[in-house]
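Spelled out, the chains give:
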Amino acid sequence: MTDLTRLTAAELAEKIHSREVSAAEVTQAHLDRIAEVDESVHAFLHVDAEGALAAARAVDGALDSGAAPVSSLAGVPLALKDVLTTRGIPTTCGSRTLEGWIPPYDATVTRRLREAGLPILGKTNMDEFAMGSSTENSAFGPTRNPWDHSRVPGGSGGGSSASLAAFEAPLAIGTDTGGSIRQPGAVTGTVGVKPTYGGVSRYGLVAFSSSLDQAGPCARTVLDAALLHEVIAGYDPMDSTSINAAVPPVVAAAREGLRGDLTGIKVGVVKELGGEGYQAGVQRSFEAAVEQLRALGAEVVEVSCPNFGYALPAYYLIAPSECSSNLARFDAMRYGLRVSDDGSRSAEEVMSLTREAGFGPEVKRRIMLGTYALSSGYYDAYYGSAQKVRTLIRRDFDAAFERVDVLVSPTTPTTAFKIGERVDDPLAMYLSDICSIPSNLAGNAAMSVPSGLSDSDGLPVGLQIMAPALADDRLYRVGAAYEAAREPVLDRLPELKGAV
Amino acid sequence: MPNISREEVAHLAKLARLAVTDKELDVFAGQLDEILDAVAKVGEVAAEDIPQTSHAVPLTNVFRDDAVQPCLSQEEALSGAPAAEDGRFRVPRILGEEQ
Amino acid sequence: MTAVADLMDYAEVVERFDPVLGLEVHVELNTKTKMFCGCPNLFGGEPNTHVCPTCLGLPGSLPVVNGKAVESAIRIGLALNCEIASWCRFARKNYFYPDMPKNFQTSQYDEPIAFNGYLDVTLDDGEVVRVDIERAHMEEDTGKSLHVGGATGRIHGAEHSLLDYNRAGVPLIEIVTKPIVGTGARAPEVARAYVTALRDLLRALDVSDVRMDQGSLRCDANVSLMPKGESEFGTRTETKNVNSLRSVERAVRYEMTRQAAVLAANGRVTQETRHFQEADGTTSPGRTKETAEDYRYFPEPDLVPIAPPGEWIEQLRATLPEMPAARRERIRTEWQLTPEELRDLFNSGAVELVEATVAAGAKPGEARGWWVNFLAQEANSREVELTAMPITPKQVARVTELVSSGELTNKLAREVVKGVLDGDGEPDEIVEKRGLKVVSDDSALLAAVDEALAAQPDVADKIRGGKVQAAGAIVGAVMKATKGQADAKRVRELILERVGQ
Ligand SMILES: [Mg+2]
Ligand SMILES: [Zn+2]
Numbered sequence: 001m002t003d004l005t006r007l008t009a010a011e012l013a014e015k016i017h018s019r020e021v022s023a024a025e026v027t028q029a030h031l032d033r034i035a036e037v038d039e040s041v042h043a044f045l046h047v048d049a050e051g052a053l054a055a056a057r058a059v060d061g062a063l064d065s066g067a068a069p070v071s072s073l074a075g076v077p078l079a080l081k082d083v084l085t086t087r088g089i090p091t092t093c094g095s096r097t098l099e100g101w102i103p104p105y106d107a108t109v110t111r112r113l114r115e116a117g118l119p120i121l122g123k124t125n126m127d128e129f130a131m132g133s134s135t136e137n138s139a140f141g142p143t144r145n146p147w148d149h150s151r152v153p154g155g156s157g158g159g160s161s162a163s164l165a166a167f168e169a170p171l172a173i174g175t176d177t178g179g180s181i182r183q184p185g186a187v188t189g190t191v192g193v194k195p196t197y198g199g200v201s202r203y204g205l206v207a208f209s210s211s212l213d214q215a216g217p218c219a220r221t222v223l224d225a226a227l228l229h230e231v232i233a234g235y236d237p238m239d240s241t242s243i244n245a246a247v248p249p250v251v252a253a254a255r256e257g258l259r260g261d262l263t264g265i266k267v268g269v270v271k272e273l274g275g276e277g278y279q280a281g282v283q284r285s286f287e288a289a290v291e292q293l294r295a296l297g298a299e300v301v302e303v304s305c306p307n308f309g310y311a312l313p314a315y316y317l318i319a320p321s322e323c324s325s326n327l328a329r330f331d332a333m334r335y336g337l338r339v340s341d342d343g344s345r346s347a348e349e350v351m352s353l354t355r356e357a358g359f360g361p362e363v364k365r366r367i368m369l370g371t372y373a374l375s376s377g378y379y380d381a382y383y384g385s386a387q388k389v390r391t392l393i394r395r396d397f398d399a400a401f402e403r404v405d406v407l408v409s410p411t412t413p414t415t416a417f418k419i420g421e422r423v424d425d426p427l428a429m430y431l432s433d434i435c436s437i438p439s440n441l442a443g444n445a446a447m448s449v450p451s452g453l454s455d456s457d458g459l460p461v462g463l464q465i466m467a468p469a470l471a472d473d474r475l476y477r478v479g480a481a482y483e484a485a486r487e488p489v490l491d492r493l494p495e496l497k498g499a500v
Numbered sequence: 001m002p003n004i005s006r007e008e009v010a011h012l013a014k015l016a017r018l019a020v021t022d023k024e025l026d027v028f029a030g031q032l033d034e035i036l037d038a039v040a041k042v043g044e045v046a047a048e049d050i051p052q053t054s055h056a057v058p059l060t061n062v063f064r065d066d067a068v069q070p071c072l073s074q075e076e077a078l079s080g081a082p083a084a085e086d087g088r089f090r091v092p093r094i095l096g097e098e099q
Numbered sequence: 001m002t003a004v005a006d007l008m009d010y011a012e013v014v015e016r017f018d019p020v021l022g023l024e025v026h027v028e029l030n031t032k033t034k035m036f037c038g039c040p041n042l043f044g045g046e047p048n049t050h051v052c053p054t055c056l057g058l059p060g061s062l063p064v065v066n067g068k069a070v071e072s073a074i075r076i077g078l079a080l081n082c083e084i085a086s087w088c089r090f091a092r093k094n095y096f097y098p099d100m101p102k103n104f105q106t107s108q109y110d111e112p113i114a115f116n117g118y119l120d121v122t123l124d125d126g127e128v129v130r131v132d133i134e135r136a137h138m139e140e141d142t143g144k145s146l147h148v149g150g151a152t153g154r155i156h157g158a159e160h161s162l163l164d165y166n167r168a169g170v171p172l173i174e175i176v177t178k179p180i181v182g183t184g185a186r187a188p189e190v191a192r193a194y195v196t197a198l199r200d201l202l203r204a205l206d207v208s209d210v211r212m213d214q215g216s217l218r219c220d221a222n223v224s225l226m227p228k229g230e231s232e233f234g235t236r237t238e239t240k241n242v243n244s245l246r247s248v249e250r251a252v253r254y255e256m257t258r259q260a261a262v263l264a265a266n267g268r269v270t271q272e273t274r275h276f277q278e279a280d281g282t283t284s285p286g287r288t289k290e291t292a293e294d295y296r297y298f299p300e301p302d303l304v305p306i307a308p309p310g311e312w313i314e315q316l317r318a319t320l321p322e323m324p325a326a327r328r329e330r331i332r333t334e335w336q337l338t339p340e341e342l343r344d345l346f347n348s349g350a351v352e353l354v355e356a357t358v359a360a361g362a363k364p365g366e367a368r369g370w371w372v373n374f375l376a377q378e379a380n381s382r383e384v385e386l387t388a389m390p391i392t393p394k395q396v397a398r399v400t401e402l403v404s405s406g407e408l409t410n411k412l413a414r415e416v417v418k419g420v421l422d423g424d425g426e427p428d429e430i431v432e433k434r435g436l437k438v439v440s441d442d443s444a445l446l447a448a449v450d451e452a453l454a455a456q457p458d459v460a461d462k463i464r465g466g467k468v469q470a471a472g473a474i475v476g477a478v479m480k481a482t483k484g485q486a487d488a489k490r491v492r493e494l495i496l497e498r499v500g501q
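Protein sequences appear in the order of chains A, B and C.
Note that the numbering used here gives residue 131 to position 131 of the first sequence, counting from 1, and the numbers run on in steps of one.
Note that the numbering used here gives residue 30 to position 30 of the second sequence, counting from 1, and the numbers run on in steps of one.
Note that the numbering used here gives residue 363 to position 363 of the third sequence, counting from 1, and the numbers run on in steps of one.
It should be emphasised that the hints constitute simulated quantities derived from the structure, not laboratory data.
Just so it is clear, CB atoms sit at the ideal spot from N, CA and C, and this is done for glycine as well.
Do not rely on the hints blindly, as some may be mistaken.
[What the hints assert, rightly or not] Some, not all, of what chain C presents toward chain B, calculated at C-beta under 10 Å: (1) Val51; (2) Asn81; (3) Trp87; (4) Phe96; (5) Pro305.
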């Protein structure tokens with residue numbers, strides 16, 4: 001019998017809907033795989049075997065009774081980043097401060113997944129409150145890259161991408177504030193998409209930086225990502241920044257792309273995202289990818305986005321500023337951790353002691369950085385200037401998209417780095433997101449799709465594709481065409497062992 | 001430009017309600033200084049006439065109807081509380097005042 | 001506990017100093033739901049039952065603006081003669097306080113929805129003072145804490161606190177005046193008159209319950225003094241917790257006398273928050289802040305800007321009721337009232353009732369007389385609000401009609417009104433049931449007249465002899481015999497007829 005964990009979500013859905021296999025069998029196969037390998041990968045913070053199987057059996061029951069599948073992915077299980085609230089299932093955001101918290105409500109994304117019949121296998125590991133690029137900032141220990149257990153799986157959504165690369169789940173949900181879907185996708189050899197800001201509801205997504213956060217699909221193929229995108233996207237009146245417009249035709253675009261013809265598509269190579277500071281293997285992989293796009297019929301031109309060099313500094317002002325405010329609610333009063341409440345201390349003292357104990361160093365660092373950037377004397381020079389840079393970045397994108405349909409760059413300058421290598425050097429860590437951040441600042445859509453292995457170290461590299469806001473379908477058209485022209489990267493994944 | 005002192009870090013920590021240790025004060029002072037140095041670069045291009053972008057998508061006037069929606073039950077509301085009493089969240093004595 | 005502050009005699013205060021006022025009023029809107037979520041906006045309730053993820057500040061929750069609250073804010077702005085922003089945003093005001101679930105208040109900062117307006121305020125003697133409005137902006141209320149274990153149940157000495165977030169997220173409009181200068185000795189009165197006028201305006205707009213006792217209208221009074229002849233403002237204090245109109249006046253007056261004493265002794269007024277003590281009319285200092293608060297305001301990323309279209313604003317302008325000041329002027333001219341009469345009418349809080357009574361057919365003078373005098377006194381002795389008295393303007397109008405047609409005397413009319421108040425029915429039913437109708441049947445009256453004349457033959461003789469004034473005694477006897485239900489004028493005529501005068 002085929003190993004169910006090796007199939008794509010589209011294949012699984014087809015087998016489930018044709019009753020060749022049951023959703024429960026598929027779910028069980030993945031739960032077994034988790035039990036087998038997750039001790040070494042540590043992609044999951046919480047596995048909800050019972051809930052997942054119950055959801056799978058509900059899908060099977062409906063199909064058995066002759067009902068049509070409730071969605072294109074009904075019965076296909078998935079892994080959910082632990083930053084989205086799940087009623088009745090712990091949600092920790094990788095933080096001590098929320099250890100054991102069981103939300104009394106579902107995020108809109110969670111609700112849509114449940115309604116579409118996707119069993120939730122569990123909650124995936126992440127950098128604490130999504131702050132990081134390596135998943136080492138999780139209070140519950142790092143996730144390991146399935147390609148090399150001594151390396152990081154990227155971050156903040158390292159757990160989601162690693163669960164895909166380790167075949168623990170066929171689909172996963174991530175969130176991307178500065179690259180947290182795309183960069184882990186790149187370094188694990190999987191696909192990750194940051195939809196247009198406002199395309200997927202943020203209701204129930206525990207906020208890191210509200211104006212940048214966006215949930216999106218993670219998968220092993222572009223088509224799978226498109227199918228998942230369609231399930232979670234769409235207008236939500238509970239999120240004021242949700243766009244009230246039709247979801248771009250992403251699935252149709254992916255299918256169109258799979259035909260392998262990019263004639264008529266204009267691709268812009270961003271001059272500023274590459275060259276110095278980029279690993280040679282990454283750079284070569286990117287150049288080969290560009291050649292491949294040309295071979296598929298695309299017209300390729302170089303495009304300059306002169307302000308992209310200011311994106312990283314702007315991001316490291318805006319995101320910490322917003323996070324300093326968003327994380328103020330973790331104060332030991334209404335939920336979450338409370339320490340030192342011995343009856344002698346005031347609420348103020350207990351707040352400060354709990355926040356000190358509940359947050360890790362990166363979170364504290366960003367809270368203090370944001371507090372500083374918003375202070376009355378510094379606001380204009382820091383936060384205000386960063387918001388101006390954001391305007392400039394958007395203008396760069398607007399000008400570029402006047403000339404081309406999509407922009408491309410490497411997703412991240414290097415392949416997966418070693419665990420521990422950058423933890424004490426925040427600035428070096430921040431460089432991981434240098435290519436992905438502009439799209440968060442401007443709100444447009446972007447994808448990372450595997451572009452083979454780096455000839456420097458044999459580790460996966462990602463190709464980033466960027467499209468204008470609300471033109472997410474272009475990512476899928478180009479991404480699927482490119483993917484179809486290449487050998488699947490994950491076929492070269494070394495066999496995972498049960499334990500390190 | 002910035003040269004952030006231990007005292008300033010202590011002040012920030014107080015504003016942010018973080019009871020940081022002395023050791024952290026030193027570490028954070030050094031790191032914040034370094035980061036602020038790097039991010040101050042935004043000032044190079046932030047000219048007077050450039051508008052600030054606070055929102056990634058240019059939406060306006062998103063309103064909700066004034067219609068009552070279901071609430072959480074008291075039990076659900078208090079389900080995550082570190083301590084509760086008489087249907088309320090129980091917290092240590094409050095010293096400060098409302099603003 | 002607190003030292004008694006030195007106070008300067010008020011006459012001396014106003015001789016030596018000019019007061020500067022600044023009033024901040026918070027109004028809870030009477031929308032059905034909260035500012036940013038669909039929880040009911042209700043006063044009280046079982047603790048933590050009007051809450052949802054959003055107003056509890058649960059991780060992941062998001063706000064969505066209540067359109068009705070924006071509408072109310074714009075209407076308030078228009079009524080206060082403000083400009084309405086063509087584009088504005090919400091901001092986050094960051095500070096930690098357990099009553100505030102997110103540890104930031106979603107409020108407007110440098111982009112209020114309404115700004116640069118004024119409110120004309122009429123003082124007791126009819127003088128009109130224009131109070132300039134700086135801004136009116138939208139924000140949200142906090143939850144409430146209960147302090148347990150302290151001697152008085154108050155914050156000081158409490159062992160722990162209990163939090164209820166039912167009120168968290170209730171829509172608030174904060175209305176801030178520009179500095180009010182040049183009011184001199186009348187500053188405390190101006191402060192009260194302003195809050196009164198604002199309350200009446202908000203009530204007319206039907207945007208709030210405006211109950212100071214329940215906290216749906218709250219006033220903070222900023223007061224500073226500057227020596228006569230100077231133009232630079234002195235250091236101000238902000239007095240909170242002023243929970244009635246009378247308290248507004250008392251608090252301002254107290255702060256003036258307290259600050260004057262400090263300044264006269266070459267002291268410096270501390271910039272601080274002070275609390276008003278209802279019991280003795282004093283103010284006491286709050287905790288002095290070690291450092292100036294830094295609220296780190298920034299635009300609320302979870303809410304998009306508000307850009308009210310011009311047509312919407314004009315539609316809302318068309319819904320504005322007659323403004324209290326305009327109404328006052330209209331009533332004065334229509335009913336030809338003296339300044340004193342106008343003042344008494346407005347102070348009685350019976351304007352709507354009198355208007356409705358007039359609309360139901362009563363003459364303005366009579367309607368006013370009933371409500372401002374008789375019914376106001378009755379309300380007072382029954383300890384209910386005049387507006388809550390169990391009698392309708394229509395019923396009052398019917399009573400005045402019965403008096404004008406001669407069917408009731410004024411005295412009987414009062415009895416009928418009391419009957420209505422006691423729940424005995426409609427005026428006509430009461431007249432009927434109690435037989436209160438003026439006895440106008442001559443034959444019944446004649447019998448009583450004859451009886452009275454027979455009982456007092458000496459008086460009858462006097463009348464016959466031309467001493468017409470003596471008839472008064474007989475009239476009295478007839479009235480007594482008819483229990484006051486006779487028309488005294490007719491009785492007199494009958495007496496004179498009977499004795500052949
Ligand atoms: Mg305020
Ligand atoms: Zn609510």
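Status of each hint after checking the structure:
Hint on Val51(C) holds. Least Cβ distance to chain B is approximately 5 Å, under the 10 Å limit. Because the closest C-beta pair between Asn81(C) and chain B is about 24 Å apart, greater than 10 Å, the hint is violated. The beta carbon of Trp87(C) is positioned within 10 Å of a beta carbon in chain B (closest approach about 8 Å), and the interface hint is therefore held. Evaluation of the Phe96(C) hint against chain B yields a held restraint, the C-beta minimum of about 5 Å falling below 10 Å.
Interface restraint check for Pro305(C): the shortest CB-CB distance to chain B comes to about 5 Å, inside 10 Å, so the restraint holds.
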